[in-house]
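Following the hints, position chains B and C against chain A.
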Amino acid sequence: MKGPVTLISGIVPTPALGVPAERRGLLLGVKGWAGVMSAFITIAVLVPILNLAVPPDSAFHLGDYYVALGGKIMCYAICALAMDLIWGYTGILSLGHGLFFALGGYAMGMYLMRQIGRDGNYQSDLPDFMVFLDWKALPWHWTFSDSFVIQMLFVVLVPGLLAFVFGFFAFRSRIKGVYFSIITQAMTFAAMLLFFRNETGFGGNNGFTDFKRILGIPIAQPSTRMVLFVVTGLTLIGFFLLARAIVNSKYGRVLQAIRDAESRVMFSGYDPLAYKLSIWTLSAVMCGVAGALYVPQVGIINPGEMSPAAGIEIAIWAAVGGRATLIGPIVGAFFVNGAKSWFTVAFPEFWLYFLGALFIAVTLFLPHGIVGLFRKKTEERA
Amino acid sequence: MQFSRRTFAMSLSAVALAVTGLSAHAQATIKVGVLHSLSGTMAISETVLKDTVLMAIDEINAKGGVLGKKLEPVVVDPASNWPLFAEKAKQLIGQDKVAVVFGCWTSVSRKSVLPVFEELNGLLFYPVQYEGEELSKNVFYTGAAPNQQAIPAVEYLMSKAGGGAKRWVLLGTDYVYPRTTNKILRAFLKSKGVDDKDIEEKYTPFGHADYQTIVADVKKFAAGGKTAVISTINGDSNVPFYKELGNAGLKAKDVPVVAFSVGEEELRGVDTKPLVGHLAAWNYFMSIKNPSNDEFIKKWSAYAKAKNIAGHKDKPITNDPMEATYIGIHMWKQAVEKAKSTDTDKVIAAMAGQTFKAPSGITSKMDEKNHHLHKSVFIGEVKADGQFNVVWKTPGPVQAKPWSPFIAGNDKKKDEPEKK
Amino acid sequence: MSLRLLLRWSLVCLVAWLGSGAAHALTAEQARALVAGEAETRIAALNAVLPNADEKTVALIQAIADDAVKYTDDAVYVMKDGKGYDPVTGVQAKVPANAEDVVNNNLLRSELDTALAAIKLFSSDDKVRADAVKTLQGSDADEAKLPLIEQAYAAEKVSHIKDALSAVRSALLLASTDKAKRLEAAKALGASGSPAVKTLLIERAKVETEPDVRKQIELALQSIEGRLAWGERLGVVFTGISLGSILLLVALGLAIIYGLMGVINMAHGELMMIGAYATYLVQNIFRAHFPGAFDWYMLAAVPAAFAVAALVGAVLERSVIRWLYGRPLETLLATWGISLMLMQLVRSIFGAQNVQVENPSWMSGGVDVMSNLTLPFNRIAIIAFAALVLAGVALLIARTRLGLFVRGVTQNRRMAACVGVNTSRVDMYAFALGAGTAGLAGCALSQVGNVGPDLGQSYIVDSFLVVVLGGVGQLAGTVVAALGLGVLNKLLEGWAGAVLAKIMVLLFIVVFIQKRPQGLFAMKGRSAEA
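Protein chains in written order, with this note's numbering: chain A, 1 to 382; chain B, 1 to 420; chain C, 1 to 530.
To be clear, the hints were calculated from the coordinates, so they are not data collected in a lab.
Each hint should be verified, as a subset may be incorrect.
[Said to hold, decoys possible] Here are the computed lysine-lysine pairs in the BS3-like style, where the Cα-Cα straight-line distance is at most 30 angstroms:
| id | chain 1 | residue 1 | chain 2 | residue 2 |
| --- | --- | --- | --- | --- |
| 1 | B | K192 | C | K206 |
| 2 | C | K70 | B | K393 |
| 3 | B | K160 | B | K197 |
| 4 | C | K70 | B | K289 |
| 5 | B | K251 | C | K70 |
| 6 | C | K179 | B | K226 |
| 7 | C | K80 | B | K251 |
| 8 | B | K97 | A | K340 |
| 9 | B | K414 | B | K190 |
| 10 | B | K197 | C | K206 |
| 11 | B | K197 | C | K187 |
| 12 | C | K70 | B | K313 |
| 13 | B | K273 | C | K56 |
| 14 | B | K383 | C | K56 |
| 15 | B | K220 | B | K253 |
| 16 | C | K70 | B | K273 |
| 17 | B | K31 | B | K298 |
| 18 | B | K401 | A | K212 |
| 19 | B | K251 | C | K162 |
| 20 | B | K412 | A | K212 |
| 21 | B | K70 | B | K357 |
| 22 | B | K251 | B | K220 |
| 23 | B | K160 | C | K120 |
| 24 | B | K70 | B | K338 |
| 25 | C | K134 | B | K253 |
| 26 | C | K127 | B | K226 |
| 27 | B | K190 | A | K136 |
| 28 | B | K414 | A | K212 |
| 29 | C | K94 | B | K273 |
| 30 | B | K160 | C | K70 |
| 31 | B | K63 | B | K97 |
| 32 | C | K215 | B | K197 |
| 33 | B | K315 | C | K94 |
| 34 | B | K413 | B | K369 |
| 35 | B | K273 | C | K127 |
[Claimed, not checked] Now the stretches of chain B that chain A is said to cover, found in silico as 3 or more residues with beta-carbon under 8 angstroms:
| id | region |
| --- | --- |
| 36 | 90 to 100 |
| 37 | 112 to 123 |
| 38 | 172 to 182 |
| 39 | 198 to 211 |
Glycine is no exception: its CB is placed at the ideal position from the N, C-alpha and C atoms.
Pulled out of the complex, with its shape left as it was, chain A reads as follows:
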């Protein structure tokens, strides 16, 4: 277990100042690695057994519904993690990250739509929605859509490129704070309107749905679902470790400095543009990957995922869990989405009261989120 860790810490030298001893040489402390291992075992071993091996009528069987729900929430957790990197550590609040999530989702969705092949309603080579729009051939942006490799490249490239261009111009003009948040909202709103148009060629309001296969394997099987679940879980763990490495490094220190006092960082000789742009692009790519993993598990993508409201929810997961902790947003994503699934069944009329009150309570009383609350309690006890 020490092998990969020393490799990572060798590549990214950690400074000695102000970093707890346990984190200097290793990425995480003993408790941290124990947590990661137990999460790994749960995801890769326990859940598959409980869902696939244990018979359905046993008390220990984990229903398909929960596997799908867990996979979905883990995708959201990746987004929350990405938000923490830019907001918690760099002080950039984006309300438009739902856009990058959705773009990754659409890239995957395009591939899945082509995988339906001739099994759609119209038995045509074209996806169903193109048939009812009377299109005779695939539009230009669908050219590579039957290649898994290229579409997966798009999952990374499209959100990344868009984020890079947008971020370059925005950060260069030194737009920050509330103004920046508002224009990210404008960007995601414009994209949502664009994708809602049927002429744009992304299925309009219907989006993409009715997937049949991925890489030739049927999607609706429990085994495929489990594989997707495990892959999502491992991606989450992987991104978490990556984020931890970034934050512990010198690069991460500059990010936090930018968050705390950007002018001083500039006066000290650093150019914040490169730092902000790189972390911004990375977080967009993370969201794109999360979107790509989300779509086959949920079975549908439509422009509603790009709505300004979706982007704001990502911010609240990070805030509820605890900004600048990395584990906090993951906790926050689980907590809020778990509560949503429960409330919309048990007390559907009260869900929005709860969510609204959560927003208010967290900003007023829990500026460090749930994780911050726990830490305070443990420090008080110690």
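Chains B and C only, in chain A's frame:
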């Protein structure tokens, strides 16, 4: 670290929840799922359908239930969120083990739950008029297909009694139902000799509220000849559209507008005086006078008052999707009794040919093969009080053609679900 | 010519011929034939009875057109003030409970309007005659009615009515069998600016056989289209200003709050929604208790909307926002949470459905500025209202003590506190003012669109963009940005469609902000940190 242990604990508690969820429940009830948006943009239209199902369940239970067991409703709120529709459908069928689901409104929601119902072999009753081009073994469509709503309406407007329109504006919200319906209508108009330059197609997004430019365009287009507008605008965009139409002075006798998604409920939010004379095509209107409709309206008014349903307790209104829901649940009950079981495949077989005395005055019949109802078509003009005056109706029920003959390639399609 | 046209115009000329003759009294059978049965039979009965129409017949026809007649199997009742009168005798009769309303379809309505217009052509009242001619202008033409028109034309003394009659006459002559008359008519019609005339000319051009008449028709069409194009251009400008005025109302409150406190209030849309619901409640109160004064409910609704929204804003400020000053991003999230709760609260109280807010009658309909340009009254009223609100707010900020404090705190909070301004109280008043303005916006929006719990969501992004574009600290920025965006949006819409226009406007703003991050009109002397 304590916190990833929390994550672990959370997944364990999820397992625990699963256990409790799956615990054996009493066999004395039959569960019926209700999958309608109770919040979000579609709540305006869908909430009343949930109440209609609950009313019908109360009625059936009062007469002894089905196969000696009471019906138990399981209501969930997919909140006008299409992925959530699929998730809730999975939950209803897989977790709650409902025997049947009544739900959906928009075609997006129906298309997102379709794979779930087909995979888990569930049963869905879909009560809303739609664009056709679908025929699933696991769905019964109690709303109108285009040939039971759109085509008769256009034929009426072409006729002398309807104004003899020569030019057509196809105005819709940008999604599958208006797009497909307009495609069918365009082919139909062409088959009647209407030129392409006399047809104009326009789309606006959901929630669009500023119709000034569009109304001005309609006025300009209408200067080229007697024009009729076919509106497939959905949801609350209808209110600003009609307000703009009324204020711009486009009177129904000059440019009649026929809408397919505007019923009594949608007119509630509008000042109807400038709209007198504009039309709607449905298979049911609240103003139809016959004993079964009177009884239906009376039942609904009493129920709304007793359950304090917002809006309906003071001014009860019934509309076509409510009637379709009501017919659907009663037909399902009859099919279960005929099949002597709630097993999906047996009920599907027993549904063929079911009849029910519908509030619209006809005896509604479920087609033996194509999972659609035979429906009469009514064309109504808006009255100043928000009700409709029936100006034309088909002589008898019309059989549905879910695969429209006006779309290329549909002639190869069978009039029954594919055997998958 | 179709049978329907022939029937319609033959009845008109019969009226002319026999109008001066002895009028035959209305009989009960005729009254019944006019109200009961299929549309076709009723139209035939109408044509039969019209030539000898006496006063009672005319009154009955008018009542049918006004939807004020009921009938049973035996009798017909003309309703006036809730009481039923026999159409033949004029005697009041008790209306049985099972009497049905007489309902007309579009076709009947056209026929009734034409019949009434034909009768009114010979009225002694100028306005009645002018309206009658206008109605005739809108309908199809048939040469058979020409003698009638010639007769009316000859007898007409009032010049503008005579001109209108001349246009109707030319429209009729266009179908004449005499080529010279057709040529003259086509030439005369070129001077018109009416779309109905354009329709007529297009239809005629399809069947015209004589080449020089056809050429004349084309020339006439060109000149009409030129005139109509002006109407369209003005129409675009008006719609742009209308949209701009709505954006201004919506963004004004936000601009005040953001300029003063740096608070981005995501609940701004919901404050507008509250104002709209307040208008709805006032409307209901008036409908229930003061039905006669219903047309004036807006006078009560405007202050009510302001007061309720301002109150809610003050409560929000005191309870939540006050603790978040200096933390704009947290305020953004907290106010978003407030907006969710407010929406759900309204849903629980009023239901998820939209509620009906009726325009008062003076706001319904429009004014015909040109023959193809109708300016709706409700939009004109909103433009005027936006101007008034702007003037009011500007005066408040520039001339009052509170405005002075607001300006001071905006420019330098610490210094203002040092000189004794109670900044906390100023914040509350300013927030209440911004919220109240949002309420006024909601009141205006209730007259043009839906009133439902989601009302605020449709305008929130637009209002932020107007504030961001206009720059903070000066109302002029908000005004210019709002009007500019409105007109730009409408110009693009005519060319690219509503959605693409919106997208282009959004992208334009994003790019503009990159170039000029502080907005159009920025306050001078801002610190390096935004």
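Worksheet entry | Violations among the numbered hints | No numbers; nothing is violated.
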